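Peer 1: Take a look at the letters that make up each chain.
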Amino acid sequence: MFRKLLIPVLLLSPALSVPTFEVSTPKGIDFVLEHSPTPKKYLIETMGGGVAFLDYNNDGLLDVFFVNGGKITGNMPLPLSFDRNNPKYWNRLYRQNKDGSFTDVTEAAGLSKAGDGNYGMGVAVGDYDNDGYADIYVTSYGKNILYHNNGNGTFTDVTAKAGVEAGGWSESAGWVDYDNDGYLDLFVTRYMEWDPAHNKDCGGYFHTYCPPAEYPMTTNILYHNNGDGTFTDVSKSSGIAAKKARSLGVAFNDYDNDGYADIMVANDAMQEYLFHNNKNGTFTEVALDAGVGFTDNGSPISGMGVDFRDYDNDGLADVVITDLARQVYALFHNDGNGMFSYRSMETGLGVLTAGSSGWGMRLEDFDNDGWKDLFVVQSHVMDNVETVTPSLHYLQPPLLAFNRQGRFEVGDPGTTKPVAGRGAAFGDINNDGWIDVMETAFDERPLLFKNRGGSAHWLTLALRGTKSNRDGYGARVRVNGQSQYANAGGSYLSSSDKRVHFGLGAAKTADVEIIWPSGIHQAIKDVQADQILEVREPEKP
Amino acid sequence: MIHALVLFLAMQASTAQSADQHQAAGVTALKAGQVNDAMAEFKKVIELDPTNAPGYFGLGVVFMQTGDYGNAIPRLKKALELDPNLTVVHKPLGYALLGQGYASEAVPQFEKAGDKAGLGIAQLETGDLTNAVENLQSAAKSSPNDPDVMYYLARASGLLSKQMYDLLLLAHPNSARANLAEAENYAALRQGEEAEAHYKAALKQNPTLLGAHLALGQFYATSTRWKEAEDQFRIAAKQEPGNAEAAYRLGAALLQDGNAHDASVELERANRLLPDMPETLEALGKAESMLDNVAAAEKAWKRVIELENTGPLASQAHFGLAGIYRKQGKAEDAAREMKLFQEAKQTAPQAQ
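Heads up: the sequence lines are chains A and B, in that order.
Taking my numbering, I'd label the letters of the first sequence as residues 1 to 541.
Taking my numbering, I'd label the letters of the second sequence as residues 1001 to 1352.
Hints are computed from structural coordinates only; laboratory data are not their basis.
Treat the hints with care, as some may be off.
[What the hints assert, rightly or not] Result set (DSBU-like, lysine-lysine): computed pairs, CA atoms no more than 35 Å apart in a straight line:
#1 K1091(B) with K244(A)
#2 K98(A) with K40(A)
#3 K417(A) with K1227(B)
#4 K200(A) with K1091(B)
#5 K243(A) with K1091(B)
#6 K1141(B) with K1227(B)
#7 K244(A) with K1345(B)
#8 K1141(B) with K1204(B)
#9 K1238(B) with K236(A)
#10 K1238(B) with K1302(B)
#11 K1327(B) with K244(A)
#12 K1044(B) with K1031(B)
#13 K1345(B) with K200(A)
Note that the structure is predicted; figures quoted are calculated from it, not measured.
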């Protein structure tokens, strides 16, 4: 039904100026992503780097949270210790000041230590208790941590009470209200069964990180939010744990517009998974039948980052997955009727990405022309890939690909400096209506790609659920013929600005339509462009 | 080989009674892998009957078993001296000589034995590369999965290729062909910058050098520089309109760029120039599928499977067909093709 209500994309002018990016580490941010590479080539060394945009103090400015790795030594005796009490290996929270600079508030916020046995990976942000403050879930190799936002600038580790420790090797996580009960549930991807004692040496003379198939698969986890600060592990009863995998990325959307969130999981060097929500608390993995399991050759990809958004404005959620060089990033077009088509080549990604390896990424409208573009932070997984395959590169600059009515063309992200990019968070950091990007990279300060903007108009919606979860995650939003799905997840290990952004092109007004997870429809006509509009869910349909 | 030799020795155990008994015992011990016992028995045969050719042969075989080619050679030669009609000796003697580094001497033994693999290896060692490649190719046809034969054929071919390149570089050091040869050497060594420079130098010297644009295009394609590859393949296809490979490569590059219409035209052309190449048909199926020409895609992929029912191309074709049928709502056909896809995939070599 939602699809039938679509109207053509309006007033999208091809003559709009292309934005430029100013690339730097913002003043006040001194975080360095420590991953401790060793000659042992422990696989965890090359997989971390989560980052989140969140407004933890509700001052209207996006703050930044970085997940750090830990110290790894040549031999890792049990019990494992990653020296996380050492400030060098802390996760970090930076509060944005009014002048655009940042202040490290890690200690003051109570986030300074992450437990010695944890090597940090990713982050997911969501208001799980609907108190209006963003909570933080940190994934790790080891125990994951849920930090409850106390609403006074501090956080409390509530992992034990909440029961969301997970264990093993967690990667990306995301908040999603899969049963539409008004509380955010938690999905956690896990990579494999691995520990330092069972680490393998691959690559012969070259000593490389081992391919994932060298280690056993494991299960992903779905935690149901009980609404009282506790969670129940429903991985088995929901059907999620029935499919073992080597999962890295996760994104949510309602690909069949049935009002329930579906889950797309990026798996490494095996079939990808699409968990269709059966609307009764269970999921069915349908990737092969839906056509998103493999490329058009029937080949698996090394799925890492993932986004689940409508790139061609047909009202249906498509899938983009980043992977390793020589595979090209996979774009699966949602054809409707539960079917997808592999369209990497038709959309130009075949030529643009054949030599690239991608991690954090997102489809967002960077030039506000009404079409979602693609930004990917890049780097090969192997830090010595050049010695094995000279034409490939470990360090790579990011990819910005502008969407020209369904076909992607290379753009200028503002730097050609190659780095070992991993995490990427997306959002409007200076509230100017233009989407910015924060990239993490190994052994580097994070890079902010500040979008200098152009002439096009825009509209950003800050959703406030009432009957639905307070963040409005899962709301399907339609503006001037474009569609968005409210959720901070996707990318790789990272969490983005929860606000929903639209480029309007030359249009100075917008017609907004929202279907909240509660099922409530809301329509707002003639909204003025170029504003951040808070939209509160009506109490009644 | 050892089973044939043991069988032969068993058949020969009939000259003198006591020697016969030892011959039989030696054969039995050899069959059981009891090398020391076999050696003792064959030595007794020779002691009892110094003209017993099978006894010397047996002893030679035992020395071969222990890797002692130095001691095997005189026994095997003696067996032939005593009985020149004992042709079964030529093959082990050839390998014993080869093992000791007497490749030239081994050649006539392999010729008499009719052993193309051994002959090819011996010729490779003597530097007779042209004949080595010919004989090893013949051996590879008879034993397509023999890793030793594959190895020596690859080695002989490589050395022959290098020999020719060396001659070319010596005779015409600054020629376009010499640059092309250098480029291909560097490309094989995965030294991309040097390879590209030599390809370009070759084409600067002779922009119409046959094969050069195709080779440079393949270099770019391997390096995932698809736009540049497409440009080179386009020139190659124009230069050689009858070259099916140029048309196929151009079609594949166009496909990579998502230009399904032009890709389909080139792939159709490739298929007319050289019909029924599975690679061409598989890519053609993909192009037609991208264009929503379902019947044409189905026809191309079905033909791939008729031509090759296992391996990666068959696997891809089954997967493509499954996608078509699924979208047509033909669930049973889709399920069947997915099953065949999984089966064909098992037979496809796995990428490292």
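Peer 1: Taking the hints in turn, state whether each one holds.
Peer 2: Hints versus structure:
| no. | hint | in the structure |
| --- | --- | --- |
| 1 | K1091(B) with K244(A) | violated (55 Å) |
| 2 | K98(A) with K40(A) | violated (45 Å) |
| 3 | K417(A) with K1227(B) | holds (23 Å) |
| 4 | K200(A) with K1091(B) | violated (44 Å) |
| 5 | K243(A) with K1091(B) | violated (57 Å) |
| 6 | K1141(B) with K1227(B) | violated (39 Å) |
| 7 | K244(A) with K1345(B) | holds (21 Å) |
| 8 | K1141(B) with K1204(B) | violated (41 Å) |
| 9 | K1238(B) with K236(A) | violated (60 Å) |
| 10 | K1238(B) with K1302(B) | holds (30 Å) |
| 11 | K1327(B) with K244(A) | holds (27 Å) |
| 12 | K1044(B) with K1031(B) | holds (18 Å) |
| 13 | K1345(B) with K200(A) | holds (27 Å) |
Consistency note: the structure conflicts with the earlier hints numbered 1, 2, 4, 5, 6, 8 and 9.
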